[in-house]
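Participant: Let the hints inform the model, and build the full structure from the sequences given.
Read top to bottom, the protein sequences are chains A and B.
Everything in the first sequence is counted per numbering that gives the first Met the number 0, starting at 0 for the first residue and increasing by one.
Everything in the second sequence is counted per numbering that gives the first Met the number 0, starting at 0 for the first residue and increasing by one.
Any given hint could turn out to be false.
[What the hints assert, rightly or not] Partner residues aside, some chain B positions facing chain A, computed with beta carbon under 8 Å:
hint, residue
1, R13
2, A31
3, Q67
4, A74
5, V80
To be clear, the hints were calculated from the coordinates, so they are not data collected in a lab.
For clarity, every value in this text was computed on a predicted model and none was experimentally measured.
Glycine included, C-beta positions come from ideal geometry on N, C-alpha and C.
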Amino acid sequence: MDKDNALQQAAAAVETMTGAQMVIRALKDQGVTHIFGYPGGAVLPIYDALFQAEGLIHVLVRHEQGAVHAAEGYARSTGKPGVVLVTSGPGATNAVTGLTDALMDSIPLVVLTGQVPTHLIGTDAFQECDTVGITRPCTKHNWLVRDVNQLARTMHEAFQIATTGRPGPVVVDIPKDVQFQTGNYQGPALVQHRTYRPRLDPDKAAVVRAVELMAKAKRPVFYTGGGIINSGPEASQLLRELVDLTGFPVTSTLMGLGAFPASRPEWLGMLGMHGTFEANNAMHDCDLMICLGARFDDRCTGRISAFSPGSTKIHVDIDASQFNKTVRVDLPILGDATRTMREMIRFWKAGSHKPDKAALSAWWKQIDTWRAKNSLAYKPSNTLIKPQYALDRLYELTKDRETYVTTEVGQHQMWAAQRFKFDHPNRWMTSGGLGTMGYGLPAAVGVQMAHPDALVIDIGGEASVQMTMQEMSTAVQYELPIKIFILNNEYMGMVRQWQELLHGGRYSHSYSEALPDFVKLAEAYGCVGLKADKPEELDAGILEMINVKRPVLFDVRIDPAENCFPMIPSGAAHNEMILAEIDDGPVITEAGKMLV
Amino acid sequence: MHDTKVKLSDVVERHTLTVLVDNEAGVLARVAGLISGRGYNIESLTVAEVDPTARTSRITIVTSGTPQVIEQIEAQLRRLVVTHKVTNWTGEQSGIEREMALVKVAGTGEKRVEALRMADAFRARPVDTTQASFVFEITGSPGKIDSFIDLMRPLGLVDIARTGVAALNRGPEAM
Chain A
0 MDKDNALQQA AAAVETMTGA QMVIRALKDQ GVTHIFGYPG GAVLPIYDAL
50 FQAEGLIHVL VRHEQGAVHA AEGYARSTGK PGVVLVTSGP GATNAVTGLT
100 DALMDSIPLV VLTGQVPTHL IGTDAFQECD TVGITRPCTK HNWLVRDVNQ
150 LARTMHEAFQ IATTGRPGPV VVDIPKDVQF QTGNYQGPAL VQHRTYRPRL
200 DPDKAAVVRA VELMAKAKRP VFYTGGGIIN SGPEASQLLR ELVDLTGFPV
250 TSTLMGLGAF PASRPEWLGM LGMHGTFEAN NAMHDCDLMI CLGARFDDRC
300 TGRISAFSPG STKIHVDIDA SQFNKTVRVD LPILGDATRT MREMIRFWKA
350 GSHKPDKAAL SAWWKQIDTW RAKNSLAYKP SNTLIKPQYA LDRLYELTKD
400 RETYVTTEVG QHQMWAAQRF KFDHPNRWMT SGGLGTMGYG LPAAVGVQMA
450 HPDALVIDIG GEASVQMTMQ EMSTAVQYEL PIKIFILNNE YMGMVRQWQE
500 LLHGGRYSHS YSEALPDFVK LAEAYGCVGL KADKPEELDA GILEMINVKR
550 PVLFDVRIDP AENCFPMIPS GAAHNEMILA EIDDGPVITE AGKMLV
Chain B
0 MHDTKVKLSD VVERHTLTVL VDNEAGVLAR VAGLISGRGY NIESLTVAEV
50 DPTARTSRIT IVTSGTPQVI EQIEAQLRRL VVTHKVTNWT GEQSGIEREM
100 ALVKVAGTGE KRVEALRMAD AFRARPVDTT QASFVFEITG SPGKIDSFID
150 LMRPLGLVDI ARTGVAALNR GPEAM
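Facilitator: Here's what the structure looks like:
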């Protein structure tokens with residue numbers, strides 16, 4: 000009976016329309032409201048259908064890379080997939096950086112690319128490229144749709160694959176003739192992929208074992224990552240509950256910031272290369288590591304052979320290929336973070352487990368001695384704006400608002416991660432895995448589209464921000480009051496820092512001898528340009544930046560020599576951190592220099 | 000429990016893996032690109048559609064690496080959206096591995112007679128014969144084919160074509 004109903008529904012759901020109309024219809028049926036894109040010859044039929052469609056907001060970017068990063072910002076801040084529409088050839092190749100970025104950081108994107116007509120494929124036609132070939136290694140999956148009757152199905156599968164399991168970007172490449180052809184449209188309800196079935200529910204026995212290990216732990220630590228954010232807001236709530244029950248300390252990767260409130264006492268700060276002294280030492284000395292949705296990235300682990308040598312490691316991940324990839328774990332649990340933590344809490348309560356209070360108290364005492372190092376300290380200045388000071392002021396003056404922060408990549412990104420205290424998930428958008436300079440400005444455009452009334456700040460450096468600067472024009476066009484907060488030290492700061500530490504202070508091509516006048520540049524784009532040279536000018540500038548209801552670029556001229564500490568040098572272990580110019584720390588080895 | 004415990008070993012092992020995939024455009028590039036992109040080895044790779052109605056292809060890969068690398072290769076292959084199943088025949092599964100080769104040997108006199116005699120011992124059969132050459136067809140485990148080729152080398156070996164490994168499990172069950 001159900002099957003008959005389903006068949007009747009299927010028959011009723013079939014409608015005839017052009018491929019271009021199908022694309023628009025499928026987007027609407029998938030609940031899409033925003034598209035980030037750039038038109039061109041091979042997507043004109045879709046743009047024509049879009050012209051006549053209602054209920055879809057298209058954001059015209061200035062470069063396809065910007066479209067993808069904007070869609071990433073949109074996705075990361077809403078939990079919904081980001082949608083991109085670009086043309087063939089250069090449209091598709093310009094999207095590749097964003098696709099790779101989204102793949103590394105598990106951001107759900109559906110990227111639609113136009114393609115030359117099917118009869119021209121393989122002839123080196125104008126604006127032809129092998130889009131599926133080029134994007135195969137930088138997407139979760141991709142398709143070239145040669146048959147208009149497969150288009151609707153492919154569109155729905157694309158959304159299913161992008162958003163479920165470990166999320167990621169997908170590409171649907173649609174030749175122009177397929178966009179013109181007429182075929183049958185199917186709704187999303189009856190489309191299911193033939194093979195793709197991500198496993199979400201954890202193995203119960205493994206969860207029980209994990210809970211037993213947690214109850215026995217004497218020096219435990221939660222090591223959390225972007226998987227908690229991707230799993231949805233409930234996961235962040237469950238993490239809080241898990242910490243309420245156990246009293247265990249929590250650290251997080253760059254991607255996981257905000258999943259656990261930075262204002263809580265159990266928060267150790269971020270771990271890894273520029274993590275806090277307490278977070279890294281807790282990772283090194285723990286006897287039980289509970290990794291939730293993180294992937295033991297090299298920026299987090301330091302030297303693998305010295306990584307947390309004495310701990311039992313539990314690893315919860317939705318992607319089985321992450322288990323034992325770089326670090327061997329004792330208890331891998333394949334499953335969604337929300338469902339796994341729900342089961343952990345259930346079994347913890349059902350087993351009437353109690354944490355080892357005495358041991359935990361000693362562990363916290365040890366952690367407090369590490370905290371007392373105050374590893375994020377810096378030397379203040381009355382004459383120069385210290386970047387740490389600038390970010391502390393930015394945080395203080397924005398913390399009571401609904402604030403979303405995006406970043407570019409480099410020193411400013413690490414300072415922001417160290418100093419901004421996030422209490423909510425989805426408020427922090429940064430390029431973690433790929434480390435894409437130029438991510439933050441377009442990402443801010445995407446975030447502001449999704450949250451028109453929120454305060455959206457791109458914390459950038461003067462080098463990164465110039466990589467996608469043209470998206471200021473997009474912000475002006477859509478009246479998006481994004482705030483571009485540039486920590487301007489005239490250097491590619493992180494490159495300069497490494498050259499200072501590893502290459503004898505030979506600053507090979509890391510200084511920008513010519514920089515634009517950012518204030519005039521902002522004004523030329525139709526934004527508001529602000530500048531601060533001295534610490535006493537900072538607060539007024541930040542307040543003006545916040546209060547102006549237009550896009551603002553704030554050029555904050557900081558101490559050009561400041562380095563980002565603490566730091567685990569390349570090839571060193573968690574307990575071999577360099578602290579801020581207080582001591583010299585261990586020398587970086589020759590092997591360490593080989594690492595990036 | 001999802002048991003992925005691997006033994007710590009630096010010993011490079013050769014493993015034969017079978018991947019059952021959807022036979023869609025680009026599927027071979029997807030699998031081959033995954034392996035090369037992550038820096039793994041492919042010693043041989045065999046692919047053909049095996050079920051036209053289900054549109055599935057069977058890809059058999061001979062690869063080498065430490066146990067940890069082999070585990071990663073399997074996990075990465077399983078992660079592909081097109082993958083139905085991955086089986087490692089070198090692990091606990093008991094599989095049959097066979098390969099076919101065409102081996103061309105040129106020569107006259109005693110060497111020619113010896114080549115034919117050896118071929119007979121290996122159950123390789125001549126599929127092309129001239130007065131100065133044979134092309135033998137031989138089927139067997141990759142090791143058997145290696146041995147046969149080594150024996151043919153001093154007897155006038157001219158050319159070799161190998162198909163790569165096909166593998167199937169023993170007993171009544173499917174993979």
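Participant: All hints are to be evaluated individually against the structure, with a verdict given for each.
Facilitator: Hints, one by one, checked against the model:
no. : hint : result
1   : R13  : violated (20 Å)
2   : A31  : violated (10 Å)
3   : Q67  : holds (6 Å)
4   : A74  : holds (4 Å)
5   : V80  : holds (4 Å)
The structure does not agree with the numbered hints 1 and 2 stated previously, though it agrees with the rest.
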